[in-house]
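Chemist: Listed below are the residues making up each chain.
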Amino acid sequence: MFLNEKLETMDRKEIEQIQIERLQATLNRIIKVIPFYKDYFQKKNISTEDFTNIEDIQKLPLITREDLVRHHPYGMFSVPLREIVRIYPTSVPFRLPVVVGYTQSDIIKLSKLTARVLCSVGVKKDDVVLINFNGNIINGAFVVMYGAELLGSSVIPCFDSNPEEIIDILRSYRVTKLITTPFNALALSDVIEQRKISPQDLSLESIIVGGEILPHYHQKRIEETFMIKVSEIYGMEEIIGPGVGGECEKKCGIHINDDHFIAEIIDPKTGKSLLEGKTGELVLTTINREGFPLLRYRTGNITSLIIEKCSCGRNFSRIQKILNHTDERLIINGISFLPKHIEKILSSYEHTTKNYRIIIERANNRDRMEIEVGVTSELFVDQIRKMEDTKLNIKQDITDNLRVNASIRLVEPKTIPYPWKKETNIIDKR
Amino acid sequence: MLYIKNLNAFYDDIQALRNVSLHVKEGEIVALIGNNGAGKSTILNCISRIITSVNGSMFFRDQDMSDLKYNKAVDLGIVHVPEGRCIFPDLSVWDNLLLGSYSKREKLSTCKKNINKIFEMLPLLRKKKDQAGGTLSGGEQQILAIGRGLMAQPEIMLLDEPSMGLAPIFINDVFGILKQLKEQGKTILIVEQNAQKALEIADRAYVIETGSIILEGDTDELKTNQEIKRAYLGKGYSEIWD
Ligand SMILES: Nc1ncnc2c1ncn2[C@@H]1O[C@H](COP(=O)(O)OP(=O)(O)OP(=O)(O)O)[C@@H](O)[C@H]1O
Ligand SMILES: [Mg+2]
Ligand SMILES: [Zn+2]
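Going down the list, the sequences are from chains A and B. Mapping of the first sequence onto the working numbering: residues 1 to 430, in sequence order. Mapping of the second sequence onto the working numbering: residues 1 to 242, in sequence order.
In case anyone wonders, no lab produced these hints; they're calculated from the structure. It is possible that some hints are incorrect.
[Unchecked claim] Within a straight-line C-alpha distance of at most 30 Å, the following computed DSS-like cross-link-like pairs (lysine-lysine) qualify:
(1) LYS125/A with LYS69/B
(2) LYS272/A with LYS72/B
(3) LYS13/A with LYS117/B
(4) LYS13/A with LYS223/B
(5) LYS5/B with LYS6/A
(6) LYS44/A with LYS223/B
(7) LYS124/A with LYS25/B
(8) LYS5/B with LYS13/A
(9) LYS38/A with LYS5/B
(10) LYS186/B with LYS32/A
(11) LYS269/A with LYS38/A
(12) LYS125/A with LYS223/B
(13) LYS25/B with LYS125/A
(14) LYS117/B with LYS182/B
(15) LYS309/A with LYS344/A
(16) LYS179/B with LYS250/A
(17) LYS43/A with LYS179/B
(18) LYS72/B with LYS220/A
(19) LYS59/A with LYS186/B
(20) LYS223/B with LYS32/A
(21) LYS220/A with LYS38/A
(22) LYS182/B with LYS6/A
(23) LYS186/B with LYS6/A
(24) LYS186/B with LYS44/A
(25) LYS6/A with LYS179/B
(26) LYS269/A with LYS124/A
(27) LYS117/B with LYS5/B
(28) LYS6/A with LYS25/B
(29) LYS6/A with LYS223/B
(30) LYS429/A with LYS354/A
(31) LYS124/A with LYS5/B
(32) LYS309/A with LYS69/B
(33) LYS391/A with LYS321/A
(34) LYS117/B with LYS59/A
(35) LYS179/B with LYS38/A
(36) LYS309/A with LYS72/B
(37) LYS278/A with LYS229/A
(38) LYS344/A with LYS278/A
(39) LYS251/A with LYS223/B
As the structure is a computational prediction, the values presented were derived from the model and not from experiment.
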C-alpha cells in the first residue's frame with residue numbers, strides 16, 4: 001500500500017534527480033557550518049561544485065559511529081541548537097554515546113516517512129496499532145508512533161510493559177497490528193505458548209518488527225506461534241529510527257526511501273564501493289535532514305542492494321534481509337551482543353584464561369547458549385565450592401550486563417583453540 | 001517535466017549560479033525563494049533562454065534545451081512573465097493580451113477565443129479591456145501580465161516576483177489568481193520575495209543563497225524552518241528566535 005502513490009512509484013530518472021538535488025543542497029548547507037567537512041574539503045582541495053552526480057558521493061569520507069563519538073555532542077550538528085527541537089542521546093552497552101538532533105521540519109519529515117513505511121508494510125487507518133518498544137530504541141518508538149498517528153491508526157503506545165501485559169492488551173483492545181522488536185516478539189511467543197493462548201483469540205493481522213536483526217529461525221518461530229506473517233521495517237537510531245525503509249507486500253527485500261537516503265554497499269575491509277548485487281556493508285547518506293545530516297554513514301549491516309522495479313510498483317532500491325553485522329554480533333533469543341563483551345566480563349575473573357568458546361543451540365524453540373571458559377589449574381585443585389561460585393558469578397555478570405542467559409562450563413584451557421576466532425570459537429548449531 | 005542539473009551561469013567573470021539542480025513536475029507549483037541577488041531571476045532567464053551562455057543540462061519533456069536559440073523556450077510552451085510587469089502602457093488591455101499570443105502566430109479568430117477564455121478566468125480584465133495598460137493599477141497590471149502569459153497557452157509559466165511593488169490588497173488579488181491557476185492544474189515556477197505568500201500556494205520550494213541551492217522541500221516542511229523564517233519571511237520572526 002502507498003501513502004503517496006505518485007511519489008513512491010516515481011521512476012529512476014526522477015529519483016536520481018531528487019537525489020542529486022538534495023545531496024548538493026545538503027553539501028551547500030553543511031560546508032559552511034560543520035568544521036569537520038570544512039576541514040576535509042580544504043585538505044582534499046575539493047569544493048561542493050565537484051559534486052555533479054551521485055557517484056561523486058564517493059569523494060566524501062566514510063563516517064563511523066566512532067567519528068560521531070569523537071565529535072560528541074554537537075560537533076556534527078548543522079544548525080544552531082536553538083533550532084533543534086529534540087535531542088536524543090543514543091547509547092548502547094559498552095559503547096560511548098552519540099547524540100542526534102532534530103529540527104521541527106525534521107520531525108515532520110520523519111513522521112511522513114515513517115507513515116509511508118508503515119503503509120508499505122500494511123498498516124492502515126482503521127488498524128488498532130500497539131507499539132511496544134523499550135530500552136535503547138525509545139526514540140524509534142516515538143517516530144513510529146508519530147507515523148502511525150499520521151496514518152490515522154488508533155495507536156496504543158506501550159513503552160515499558162512486560163509480555164504478559166502486552167498479551168492482555170492485544171486481547172482486550174482487539175489490536176490488529178503489533179509493532180515491536182524481534183526480542184519482544186519472541187518473548188510474547190513464549191507467553192502465548194505458556195498460557196496456551198490460541199492465536200485465533202487475538203485480532204492480530206500481522207506483526208511488524210524492527211530495531212535488530214531478525215534471523216530466519218526467529219521469524220519462523222514468531223510466525224508459527226501467532227499464525228500470521230512478520231514484516232520488517234528498517235532504520236537505526238543514528239539516522240531516524242525505523243523510517244529508512246520497509247518491506248512491501250511482495251516481501252522481496254526492504255525498500256529504501258531513495259528520496260531521503262542514498263544507499264551504497266562497500267567492502268567493509270577496504271571501504272571500496274561494490275557493484276549492485278554484491279554483498280557488503282550498507283552505507284547510508286541522509287539527503288533531507290537539517291539538524292543532523294549524516295553522510296556516508298557505515299551502518300555495519302551486511303546486505304546487498306538491488307536496483308530494479310519491484311512488482312509492487314516501486315522503483316526504490318531494495319536491500320536483502322539483513323542477517324549479519326560487521327561487528328560479528330551474536331543474537332540469542334532476540335538480544336544481540338558482541339563476543340568481545342563476554343571476553344571483557346571473563347577477563348575480570350581471577351582464574352580465567354583467554355580461551356573460551358560459545359556454543360549455541362536451539363531446543364524447544366529457544367536459543368541456548370553455553371560458554372566454555374578456560375580456567376587455570378589452580379582453580380581446579382581448589383575446592384568445588386569456589387568453582388561453583390565462579391560459575392554462578394560469571395553467569396550473573398553476563399545476565400546483568402548483556403541481558404542474555406548462558407550456562408557456564410569451566411574447562412581446561414588447552415581444550416579450546418586460541419587465539420580467538422569466530423569460525424572455531426563460536427559453534428552455532430541453529 | 002522540467003529537469004535542470006548542474007546549471008552554471010556567468011555574467012562576464014561573475015558566476016551567478018553554481019551547480020543549480022532543480023525540477024518541476026507537471027501540475028506542480030514550485031517556488032524559488034532567496035535574498036536579493038541570490039540568482040532567482042537568473043534561473044528563470046536561463047530557462048526561458050534569455051541567458052544562453054550557460055553550462056549544465058536542461059530538459060523539458062525529454063527535450064534537450066541546450067540547443068534552443070535566444071528567447072525560443074516559448075516554442076516549447078515555456079512562458080516567462082518577467083519582473084516588473086512589462087506591459088505596453090499605451091496599448092489597451094485587449095491589445096496587450098493579443099500580443100501575448102503573437103509569438104505563436106495564431107489565427108486572429110483563435111486569439112479572440114483565447115482572450116475570451118482569459119476573460120472568464122480573470123473577469124477584471126474584461127471590465128477594463130479597452131483601458132490603456134498604463135492606466136491600470138499595479139495589481140491590475142500584474143494580472144494583465146499574467147493574462148498575457150496565459151495567452152500563449154503555456155505548458156509551464158515562469159513568474160518573477162508577481163507581488164513586487166504591490167500594496168497588500170493587490171498582492172492578495174494576484175495570489176488569488178495564482179490559486180485559481182493551481183486548481184486548474186497549471187504548472188508554475190514562481191520567484192518571490194514574499195516567501196510567506198509563495199509558500200502558501202506552492203507545493204514545493206527551493207531556497208537559493210548566493211547562486212547555490214541550500215534547501216529544498218515540501219512547503220509544509222519548509223514553513224517550520226527557522227532559518228527561512230528569519231531570512232525570508234520577514235522581521236517579526238527574527239525577534240522571536242534570535
Ligand atoms: N546583467 C547582469 N550583469 C552582471 N551581473 C548581473 C546581471 N544580472 C544579474 N547579475 C548579478 O547576478 C546575481 C544574481 O542576480 P539575480 O537578478 O538573478 O538575483 P535575484 O535573486 O533575482 O535578486 P532580486 O531578488 O534582487 O531580484 C547578482 O549578484 C546580480 O548582481
Ligand atoms: Mg530577481
Ligand atoms: Zn516492492
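Chemist: Tell me the numbers of any earlier hints that the structure contravenes, in ascending order.
Modeler: 1, 2, 3, 6, 10, 15, 16, 17, 18, 19, 21, 24, 26, 27, 31, 32, 33, 34, 35, 36, 38 and 39
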